[in-house]
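S.K.: Below, each chain spelled out in residue letters.
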Amino acid sequence: MTLRIDRRQFLMGSTALAVAAGISPAFAAEALRMIFWGSQARADRTYGVTDLYAKAGGPAVQGEFLAWGDYWPKLATQTAGGNAPDIIQMDYRYIVEYAKRNAIAPLDEFVGGALPLADFDKDQLDGGKVDGKLYGISLGANSVALMINTVDFEKAGLELPGQNTTYADLPAMAEAFASKGVGKKLIADGSGSEPMFENWLRQRGKALYTADGKLAWEVQDAVDWFKMWADLRAAGVCVSAEDQALDTGPLETTMLTLGKASVIPSNSNQLVAFQAINQDKITISNFPRIATDAPGGHYRKPSMFFSVGGSSAQKEEAAKLINFFVSNPDAAKVLGVERGIPCSVSVREALAPTLDAQSQVALNFVANLGSLLGVLPPSPPAKAGEIDSSLFRVISQEVGFGARSPEDAGNALFTGANDILSRAS
Amino acid sequence: MDRAVSTSWWSRAWQANAPGYLFLLPWFIGFFGLTIGPIITSFYLSFTNFDLLTAPEWVGADNYVRMFTNDPKFLASMRVTLFFVIFSVPLKLAFALGVALLLNRGMRGLPLYRALFYLPSLLGASVAIAILWRQLFAGDGLVNDFLAIFGIQGPSWISNPRYSLWTLIVLSIWQFGSPMIIFLAGLRQIPQDMYEAASLDGASKSRMFWKITLPLLTPVVFFNAIIQTIEAFKSFTPAFIISGGTGNPINSTLFYTLYLYQEAFEFFRMGYASALAWFLLLLVALFTAFSFLTSKYWVHYDD
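Chains as they are written, first to last, in this note's numbering: chain R, 1 to 425; chain F, 1 to 303.
Here chain R stands alone, though its shape is the one from the complex (with noise of 0.2 Å):
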C-alpha cells in the first residue's frame, strides 16, 4: 500500500493549515503579552498582580521573564519581527532608543483615562519622558546604595557604614575587618563599577554625560579614581582583581554572595533580591562620600519602567493593565518594594505598615537620603552601555592585574569612551 495524497488534497491541507495559523493570533489578541527581566522571585510577585487583575475581570496576561542579559537580545529581535509584546519592561538606558525608533509607544493620550496618575511623583514621570512625551510608567524609585553583611561588621566591631563615611575611612575599618579576623575583604572593587565612579564624579560636581551625550569629566577624574582604587586594593581594602574577576553580573557572583567582601555597590531596590540568597542579615546604605560635606552624588531613579510596545493593537488595555501595577493598593502589596519604592503617594502610604522590616529599610532609605540626593542627570546616550560593558570594566581589570598603570588608564578610557560616541554618530 503507498501512501497517495493527490495536489489538490495537499493544496487544500495546506490552505486549510495557513487560515488556522492566520485565525490563531485573533484568538491570542484577547490576552495582553508581558515581557520583564529578573528573578523568580520579581516574576511571582508580577504574575500574583496580573492574576489579580484576571480576577478582578481585566484580561488574562501572558507573560515571559527572563536574565538581563539574555532579556534585550530577546525583545530586540521581538521588535524586528514585528512581534514585540503589549506591555514591555524598558530600562533607563534604552528608553530613548526604543522611544525615537517609535518601537514604544507614546502614553500621553491615555494619561487621565485609562492611566490616571493623579498622585504620581511628578520626578518618576519626567524620568519616563522622551522629547517631551511621555513613553514609560516608572515601577519605582530606587537609588544606588552599598549591600551590607551585618553579620561581618558586628564581628570586626564596627558601626555599620553611614552618611558620615567617606573613603578616607575605609582603610581604618579593612583594620579592624583583619585584626578580627573576618575573613574577607571589606568591600568589593568597585573601580570597574559605572553607576559608583558615577556617584563619585557627581560628589566631584561632574557628572557622566553632559545632556547632549558627551563625556562630562576630564582625564585627571578617571585617573583619580583609578589612582585611589589602585592604594585600596594595595593596602588590601578591597578584593583582588582575580577574585573581582569571578563578578560575572548575577547577583550569585558578585563578591558580597561569594562570601569574598561585605560590602559592594548595588541598587536599594534589590536589597530584597540579595537577602532572599543571603544567609547573614543585609542591609543598605549610601555610597562613601569623599567629604562629608560633599554635594550628593546619590539620586531617585526610576528603577525601571512599563511600556506599551509600539505595534500593540490593544494599546488601551496595557495602559490599563499598566495603572493596575501602580495604582492599586493590593497590587502594590504584592510586588512590595522589589521594583523600588511606588511612586504613586497614596499607595505609598497603603503599602508602608504592610511592609516587613527589610522593606522598610529599602522604603526609609530612599526616603531618607537628605543631602546626599543631587539632580536626576539626563539620560545617558545611547552607547553608554557598550562603553560600560566593553572598555570600563576591562581598563579597571587592567588597572587591576597590573597591565596599566592609573594615568595610563584614565587616557585610555577618556579617549576609548570619545571613540564610542564618535563611532554612534
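Each hint should be verified, as a subset may be incorrect.
For lysine-lysine, the following BS3-like pairs were computed, each having C-alpha atoms within a straight-line distance of at most 30 Å [unchecked claim]:
(1) F:K73 x R:K214
(2) R:K129 x R:K155
(3) R:K227 x R:K55
(4) R:K155 x R:K281
(5) F:K73 x R:K383
(6) R:K74 x F:K296
(7) R:K281 x R:K100
(8) R:K74 x F:K211
(9) R:K227 x F:K73
(10) R:K383 x F:K211
(11) R:K281 x R:K122
(12) R:K100 x R:K227
(13) R:K227 x R:K180
Rather than coming from a laboratory, the hints here were simulated on the basis of the structure. Note that this is a predicted model, so its numbers are computed, not measured.
Here the structure of chain R is known, so what remains is to put chain F in place on it, guided by the hints.
M.R.: Structure of chain F alone, referenced to chain R:
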C-alpha cells in the same frame, strides 16, 4: 490494465517519489528557511548597518574595511581564537591518540572504557559542564584543593588573565572522545602482519609506532585535524558561560565567536556581526583548503 505505463516519466517519478518528498518536507523547510535563507540574508546584511529596530542601511564594504583598519577588539579576539586553535587542537589529538593506543591493546571491558572516555564529548559543549569548570578552577575550587595537598597555593585559574584561556584549552582537551573513537577505528585497520614482520626484524615498540602506526594512520589524523580545527574556530559556549558572556578577564577569553555575539546581540550591530561571521567562514575555508593542498606531502593513502 496498467495505466502507469501510459503516463509520462515525470508523473510516474512524482507518483513514486511524492511520499518521500512529503516526508522530507520538514527537513526542506528547515534547510531553506533556517539555514540557506539566513546565510543569504547575513551575506546581504554584512554590507549594511542594521540595528534590528530600523531597516538595514547599505554601506558597501565599510564593515569589512573597519575590521582591518579600525577595530582593536577584532584583532584581540582573533588572537585569542588562533591561540586556542593552535594549542587545543594538537594537544587534544595527541591525547586522543594516546588513549586510543592504550585501548587498542585488546584489554578486557573495552566497550565500557570506550563509552566512559567518550562521555565528556557528549557533555562537553553543554552549559552544565562550563559551570562545573567554573567551580573546578575557581580560587577555592577542587583543583586548588588538590594542589593544596602538596602545599601549592594555586591562583584562581578562571579569573586570572594569565591562565583563563588555558582552562578553556584543558576543557577542550578533556573532550577527546570523538577523535579517540575515530583513531581507534583507524588503528583497527592497520594490518597485524606488518607488526609481526617488524618484530621479526627486531624493531622496537617506538620504532613501530613512528614507522608503521603513524604513517598508516595519517588519513585519520588528517580527518580529525580538519574536524577539530573547524570545531575550535567555532567554539563558543564554554567561553560564553565561564565568563558570563564578557570575555573576561581583560578580554583573555574573548573568542572571535563571542565578540561576534557581543556585536550582534549586546550592541545590536547586526551588519558588522554578519561581516565578522563571513570573515570567519572565509578563514576556516582557507585553512581547510590549505590543509588539503599540503596533505599530499604527509598523508599516506593506502592505495
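S.K.: Determine for every hint whether it applies to the structure shown.
M.R.: Results for each hint:
1. Between K73 (chain F) and K214 (chain R) the alpha-carbon distance is near 23 Å, which keeps this suggested pair within the 30 Å criterion.
2. For the hint pairing K129 (chain R) with K155 (chain R), the CA-to-CA distance comes to about 47 Å; that exceeds 30 Å, so the pair is violated.
3. Restraint check for K227 (chain R) and K55 (chain R): not satisfied, since their Cα atoms lie roughly 57 Å apart, outside the 30 Å limit.
4. A distance of roughly 13 Å separates the Cα atoms of K155 (chain R) and K281 (chain R); the hinted pair therefore holds under the 30 Å criterion.
5. Proximity of K73 (chain F) to K383 (chain R) is assessed by CA-CA distance (about 16 Å); at most 30 Å being required, the pair is judged to hold.
6. Restraint check for K74 (chain R) and K296 (chain F): the C-alpha separation of about 48 Å exceeds 30 Å, so the hint is violated.
7. Distance check on the hinted pair: K281 (chain R) and K100 (chain R) sit about 43 Å apart at the alpha-carbon level, beyond 30 Å; violated.
8. For the hint linking K74 (chain R) to K211 (chain F), the alpha-carbon distance of about 56 Å lies beyond 30 Å, and the restraint is violated.
9. In summary, the hint linking K227 (chain R) to K73 (chain F) is supported, as the alpha carbons are separated by about 26 Å, within the 30 Å threshold.
10. Distance hint between K383 (chain R) and K211 (chain F) is unfulfilled; the C-alpha atoms sit about 60 Å from each other, more than 30 Å.
11. At roughly 34 Å between alpha-carbon atoms, K281 (chain R) and K122 (chain R) are farther apart than 30 Å, so this suggested pair is violated.
12. Taking the CA atoms of K100 (chain R) and K227 (chain R), the gap is near 39 Å; set against the 30 Å cutoff, the hint is violated.
13. Between the alpha carbons of K227 (chain R) and K180 (chain R) the distance comes to roughly 28 Å, so the proposed pair stays at or under 30 Å and holds.
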